[in-house]
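**Q** Sequence:
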Amino acid sequence: MDKQETLGLETLGIGSPRRKRDYMERRLKRAKGRRGEDPDLAPDDMPRNQPSEAFQQSQGRIPAWVDSVPSYTPMKIEPLGTYLTRASTPPTRLPNPQCLLLVLDLNGTLLHRKRATTSYTPRPFLDRFITYALSHHKILIWSSAQQHNVSSICSRIFTPDQRSRLLGVWARDTLGLSAAQYGEKVQVYKQLQKVWADQDVQAAHPTGGKWDQGNTILIDDSKEKARAEPWNLVEVPEFLGPGRSEGEEDVLGQVERWVEEAKGWSDVSGFVKAMGGGFRHWGEVEGGEGGGTAKDGIAGYG
Numbered sequence: 001m002d003k004q005e006t007l008g009l010e011t012l013g014i015g016s017p018r019r020k021r022d023y024m025e026r027r028l029k030r031a032k033g034r035r036g037e038d039p040d041l042a043p044d045d046m047p048r049n050q051p052s053e054a055f056q057q058s059q060g061r062i063p064a065w066v067d068s069v070p071s072y073t074p075m076k077i078e079p080l081g082t083y084l085t086r087a088s089t090p091p092t093r094l095p096n097p098q099c100l101l102l103v104l105d106l107n108g109t110l111l112h113r114k115r116a117t118t119s120y121t122p123r124p125f126l127d128r129f130i131t132y133a134l135s136h137h138k139i140l141i142w143s144s145a146q147q148h149n150v151s152s153i154c155s156r157i158f159t160p161d162q163r164s165r166l167l168g169v170w171a172r173d174t175l176g177l178s179a180a181q182y183g184e185k186v187q188v189y190k191q192l193q194k195v196w197a198d199q200d201v202q203a204a205h206p207t208g209g210k211w212d213q214g215n216t217i218l219i220d221d222s223k224e225k226a227r228a229e230p231w232n233l234v235e236v237p238e239f240l241g242p243g244r245s246e247g248e249e250d251v252l253g254q255v256e257r258w259v260e261e262a263k264g265w266s267d268v269s270g271f272v273k274a275m276g277g278g279f280r281h282w283g284e285v286e287g288g289e290g291g292g293t294a295k296d297g298i299a300g301y302g
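Be aware that the sequence shown starts at 1, since it is given in full-length UniProt numbering, and climbs by one per residue.
Don't read these hints as lab results, they were simulated from the structure. Each hint should be verified, as a subset may be incorrect.
Computed cross-link-like contacts, EDC-like style, restricted to lysine to aspartate or glutamate with a CA-CA straight-line distance of at most 20 Å [unchecked claim]:
hint, residue 1, residue 2
1, Lys114, Asp221
2, Lys185, Glu224
3, Lys185, Asp221
4, Lys185, Glu238
5, Lys223, Glu235
6, Lys263, Glu235
7, Lys210, Asp198
8, Lys114, Glu238
9, Lys210, Asp200
10, Lys194, Glu78
11, Lys114, Glu184
12, Lys185, Asp198
13, Lys210, Glu224
14, Lys263, Asp212
15, Lys194, Asp161
16, Lys223, Asp127
17, Lys194, Glu224
18, Lys223, Asp200
Build the full structure now, drawing on both the sequences and the hints.
**A** What follows is the structure in structure tokens.
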């Protein structure tokens, strides 16, 4: 802090070292607030005093190779033309339901993680949903939190057997961030093309086929994160904890019923687009006064 700024603080009545520090921290927070923010990034994922990159890498908080990963530019995240063309083609009913790849977010979707801790509150009926998902589909966890937090949460919400059946547990180091962005609250994007390009994930297809937009669902509470593949998203309302989430009830039960319907169609992205969006729209069709079905929605699509 230079002498001129120090004099300015004293003029404001902010003379003590502690008050100066608090004042500067507030200024820093306001500056960060003008940037894009990731709603899932908890305070413990963004250190107040950022250690050096070398130290963070030595502690495993920033992978040594993270600087080599190109940063995403928010303004350039748009769906590919080929993706939109395929999603705009109405799907057909399959003779046999297909196994889906469910890419699951953690904080705000499956659970609520308390501030600056690894304590969490599971979303109602989480255990039932996990049992269903692992019994009928394949699961990949993809969180924007740091790896140590993600691993800690997963070790508690999944049994050892369930954990062994996950296709992967992806954390912040998979989002294409620079070392500087890794510890900041920046907007991130979960581009499913990265999932589909992963050889280990592809090798887990149960029939030797391939995972793509036709059989993948991202379940997340952030629409912006799915900007690259919007018609593969099931957007759930953010879970804020008991009594704090509007219309909570059995959200995961609704998602389960929606997935059960989606697996019977030839293309998930086409199904989502034809239905006008995520599971909330399916709930309206499923329980509407007119007794409509997903097929009715698709027949009227376009």
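**Q** Are the hints correct? Go through all of them and say.
**A** Here's how the hints hold up against the structure:
Distance restraint check for Lys114 and Asp221: the Cα-Cα separation of roughly 17 Å lies within the 20 Å cut-off, and the hinted pair is therefore satisfied. Simply put, Lys185 and Glu224 have alpha-carbon atoms about 15 Å apart, close enough for the 20 Å limit, and the pair holds. Distance hint between Lys185 and Asp221 is fulfilled; the C-alpha atoms sit about 17 Å from each other, no more than 20 Å. Distance hint between Lys185 and Glu238 is fulfilled; the C-alpha atoms sit about 18 Å from each other, no more than 20 Å.
For a cut-off of 20 Å, the pair hint linking Lys223 to Glu235 stands: about 6 Å separates their Cα positions. Between Lys263 and Glu235, the direct Cα distance comes to roughly 17 Å. Compliance with the 20 Å bound is thereby established for this hinted pair. A hinted pair counts as satisfied when its Cα atoms are at most 20 Å apart, and Lys210 with Asp198 qualifies at roughly 11 Å. Distance restraint check for Lys114 and Glu238: the Cα-Cα separation of roughly 14 Å lies within the 20 Å cut-off, and the hinted pair is therefore satisfied.
With a C-alpha separation of about 11 Å, the suggested pairing of Lys210 with Asp200 holds against the 20 Å cut-off. For the proposed pair Lys194 and Glu78, the alpha carbon gap of about 14 Å is at most 20 Å, so the pair holds. The hinted pair formed by Lys114 and Glu184 meets the criterion: a straight-line CA distance of about 19 Å does not exceed 20 Å. A threshold of 20 Å between alpha carbons decides the hint, and for Lys185 with Asp198 the separation of about 26 Å lies outside it, so the pair is violated.
Between Lys210 and Glu224, the direct Cα distance comes to roughly 26 Å. Violation of the 20 Å bound is thereby established for this hinted pair. A distance of roughly 14 Å separates the Cα atoms of Lys263 and Asp212; the hinted pair therefore holds under the 20 Å criterion. At roughly 26 Å between alpha-carbon atoms, Lys194 and Asp161 are farther apart than 20 Å, so this suggested pair is violated. The suggested pairing of Lys223 with Asp127 is violated, with an alpha-carbon distance near 24 Å, which exceeds 20 Å.
At most 20 Å may separate the alpha-carbon atoms for a hinted pair to count; Lys194 and Glu224 meet this at roughly 17 Å. About 27 Å separates the Cα atoms of Lys223 and Asp200, which puts this hinted pair outside 20 Å; it is violated.
The structure fails hints 12, 13, 15, 16, 18 (numbered hints given earlier, in ascending order).
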